[in-house]
Amino acid sequence: MYKYIAKRILLMIPTLIGAAVLVFFLLRIIPGDICELRLAGTGLYADPAEIELCRENLGLNDHILIQFADFVIGFFILDLGDSMWTGKPITFELGLRFQLSLQVAFMATFVAVIISIPLGVISAVKQDTWIDYVVRCFSIFGIAIPSFWLGIMIILGLLIITQAWTGVPWMPPIEYVSPFEDLGANLAQLIWPAVATGYRYSAVATRMTRSALLEVLREDYIRTARAKGLLEKLVINRHALKNSLLPVVTIIGIEFAFLMGGLVVTEQVFNLNGLGKLFVESVLNNDYNLTQALVMIVVMVFVVTNFVVDLFYAWLDPRIRYS
Amino acid sequence: MAVVTESIVEGKLEAPSEDKTWGEMAMKMTRKYPLGAFGAVIVVVMIFLAIFANVISPYDPEANAFEFMLTAPDGQFWMGTDQFGRDILTRIIYGSRTALFVGFSCAIIGASVGLVLGVGSAYFGGRFDLFFQRVMDVFMAFPLIIMALAVVSIFGTGTQNVIIAITIPFIPRCARVVRSSALAIREIPYVDAARALGFTHSRIILRHMVPNVMAPFLIMLTAFVGQAILLEASLSYLGLGVQEPTPAWGLMLQGGAEEYAESAPWVAIWPGVAISLAVFGFNLFGDALRDALDPKLRQQ
Numbered sequence: 052m053y054k055y056i057a058k059r060i061l062l063m064i065p066t067l068i069g070a071a072v073l074v075f076f077l078l079r080i081i082p083g084d085i086c087e088l089r090l091a092g093t094g095l096y097a098d099p100a101e102i103e104l105c106r107e108n109l110g111l112n113d114h115i116l117i118q119f120a121d122f123v124i125g126f127f128i129l130d131l132g133d134s135m136w137t138g139k140p141i142t143f144e145l146g147l148r149f150q151l152s153l154q155v156a157f158m159a160t161f162v163a164v165i166i167s168i169p170l171g172v173i174s175a176v177k178q179d180t181w182i183d184y185v186v187r188c189f190s191i192f193g194i195a196i197p198s199f200w201l202g203i204m205i206i207l208g209l210l211i212i213t214q215a216w217t218g219v220p221w222m223p224p225i226e227y228v229s230p231f232e233d234l235g236a237n238l239a240q241l242i243w244p245a246v247a248t249g250y251r252y253s254a255v256a257t258r259m260t261r262s263a264l265l266e267v268l269r270e271d272y273i274r275t276a277r278a279k280g281l282l283e284k285l286v287i288n289r290h291a292l293k294n295s296l297l298p299v300v301t302i303i304g305i306e307f308a309f310l311m312g313g314l315v316v317t318e319q320v321f322n323l324n325g326l327g328k329l330f331v332e333s334v335l336n337n338d339y340n341l342t343q344a345l346v347m348i349v350v351m352v353f354v355v356t357n358f359v360v361d362l363f364y365a366w367l368d369p370r371i372r373y374s
Numbered sequence: 009m010a011v012v013t014e015s016i017v018e019g020k021l022e023a024p025s026e027d028k029t030w031g032e033m034a035m036k037m038t039r040k041y042p043l044g045a046f047g048a049v050i051v052v053v054m055i056f057l058a059i060f061a062n063v064i065s066p067y068d069p070e071a072n073a074f075e076f077m078l079t080a081p082d083g084q085f086w087m088g089t090d091q092f093g094r095d096i097l098t099r100i101i102y103g104s105r106t107a108l109f110v111g112f113s114c115a116i117i118g119a120s121v122g123l124v125l126g127v128g129s130a131y132f133g134g135r136f137d138l139f140f141q142r143v144m145d146v147f148m149a150f151p152l153i154i155m156a157l158a159v160v161s162i163f164g165t166g167t168q169n170v171i172i173a174i175t176i177p178f179i180p181r182c183a184r185v186v187r188s189s190a191l192a193i194r195e196i197p198y199v200d201a202a203r204a205l206g207f208t209h210s211r212i213i214l215r216h217m218v219p220n221v222m223a224p225f226l227i228m229l230t231a232f233v234g235q236a237i238l239l240e241a242s243l244s245y246l247g248l249g250v251q252e253p254t255p256a257w258g259l260m261l262q263g264g265a266e267e268y269a270e271s272a273p274w275v276a277i278w279p280g281v282a283i284s285l286a287v288f289g290f291n292l293f294g295d296a297l298r299d300a301l302d303p304k305l306r307q308q
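Going line by line, the protein sequences match chains Z and X.
Residues in the first sequence are numbered from 52 upward in steps of one, following the numbering used here.
Residues in the second sequence are numbered from 9 upward in steps of one, following the numbering used here.
Because the hints were derived from the structure by calculation, they are not lab data.
There's no promise every hint is true.
To be verified - Pairs of lysine-lysine, DSSO-like flavour, derived with a Cα cap of 27 Å: (1) X:Lys36 / Z:Lys54; (2) Z:Lys279 / Z:Lys293; (3) Z:Lys54 / Z:Lys177; (4) X:Lys40 / Z:Lys177; (5) Z:Lys177 / Z:Lys293; (6) Z:Lys279 / Z:Lys177.
Stated by the list, open to error - Some chain Z residues flagged as far from chain X (calculated, every beta-carbon gap over 12 Å): (7) Arg289; (8) Val346; (9) Val350.
The beta carbon of each residue, even a glycine, is placed where N, CA and C say it ideally should be.
Turn these sequences into a full structure, and let the hints steer you where they fit.
Structure, rendered in structure tokens:
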């Protein structure tokens, strides 16, 4: 087992280096220059000497390999550097936004879990009945509906309902409220983006719960449990569900990793100042340091999630770790 | 989903029995997979709308008509008009062309390249396989939105560039699934036999191995069409995809959907319904196809 873990950790390194190379050179192919953008972005005249000085200060005039080495070494000693656009440390720029995106991601996961597991179980137990068809349609629809459109529809619905009930239309709040200041206001603000992303997320998990449970229900030990006269409820809850949750947990983990990088559209709709928005801004500003840091964080979350999932599987299935 | 598709090890295509007509076969499939048949109907209707868009649609999709700006749905404009006075129904019908073009291009290119790379990786094995898997990992982990932003910043916006941005992340996904099926096939003696006969690598890969991983390939392909339509809509909504005045569903939501949500909700509602229905249809069809092709599920 230790050998397997060591092997898997070693395999993470080339992926991280590959992602670092990809983002580093991709950003430098993109036309545009942060100094020109900063000094002459508004159409003003900028002194070429001033632009040159700015490039010098940001280290953009160094040899490209030195820049790359700086970036990789910085990443390994956990020093992300400063944002080229604002000049403030990247950890500061990430601070609040990371908190917001993480909270939305957790809330969406919560919404997904409470919807998907009961629905998936009902659907599998009542396979090929009308209940199964309704649940399957509901979940396939969840994958089909664009989350940004669902967001627009939620806002529209809230507008109409609040208009009819109170006469004052509800408006999406502009300022983010931290949960430590006012938990109620914070939840009221973030519950809708969480539902909009959580529905799609739950759809993926519902389908997984259904197919995993169906597979387990065909096992011999389920027949044994039924044969010894256990109540069907106990067979499902205690014997079948427990053994079918692994792929469900996996898919929830993998989707969570995607969610961290994929909140861009939802944040756009609900006007939230989260990681997704920062992502787009940093690329458009040619802020190399910030974009590199963000990409590496997303890739890191993805790689680590996959590692944990693989480990989980290897722990349960000896065939994997000896192959 | 990945686990389910990866569990398909040796699915083979069922040969259609010869004494049945197409109609009878369609009836049989409809009875066995009612949801899949429903999905197929949606897909066929969409293809029909896309092909005959210029005959069916009542107006010009790109011409502005400011005298009809933001008209509510009525007998003249069934789904109303947008902020430029363009008929929304017309733009939705034409939008199916964009969606299908992007959907099929990305799915076919992404899945085919992934197929060849995945089978090749499994066939050669060893160090090549190990290296290749790491490259695939990098592209899997890389955030799609950054890839799209980079492609758009380098090549500019437009339909072909959206296709590039969406296809890149599809390749490793397909390659990975196909590779795991191909690994099992490599162990079957006929591959050794082909090698012993002195066939070239490319012949063994293309003629002997590729046809035997068709089941996971087709499953990935159909899943990709729906995903590509959804991704194209998201990118166009963010302003990174298809550009005005081309009719595209995601783009129709970007223009004025939020701004006019309250006063003209039809601008925001119909394009979203179109996207959802299209992806819904492809997913239903793809699910039925997976059930039909996956021998593990077929036993039940």
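Okay, the hints, checked on the actual structure:
1. With a CA separation close to 52 Å, the supplied pair X:Lys36 and Z:Lys54 exceeds the 27 Å bound.
2. Restraint check for Z:Lys279 and Z:Lys293: satisfied, since their Cα atoms lie roughly 19 Å apart, inside the 27 Å limit.
3. With a C-alpha separation of about 44 Å, the suggested pair Z:Lys54 and Z:Lys177 falls outside the 27 Å cut-off, and the hint is violated.
4. Distance restraint check for X:Lys40 and Z:Lys177: the Cα-Cα separation of roughly 17 Å lies within the 27 Å cut-off, and the hinted pair is therefore satisfied.
5. The hinted pair formed by Z:Lys177 and Z:Lys293 meets the criterion: a straight-line CA distance of about 18 Å does not exceed 27 Å.
6. Straight-line distance between C-alpha atoms of Z:Lys279 and Z:Lys177 comes to about 22 Å, which keeps the hinted pair within the 27 Å bound.
7. Every CB of chain X lies more than 12 Å from the CB of Z:Arg289, the least distance being 23 Å, so the non-interface label holds.
8. Distance check for Z:Val346 against chain X: the nearest CB is about 6 Å away, which does not clear 12 Å, and the non-interface claim fails.
9. A beta-carbon of chain X is positioned within 12 Å of the beta-carbon of Z:Val350; the least distance is around 4 Å.
Violation of the numbered hints given earlier is confined to hints 1, 3, 8, 9; the remaining hints are satisfied by the structure.
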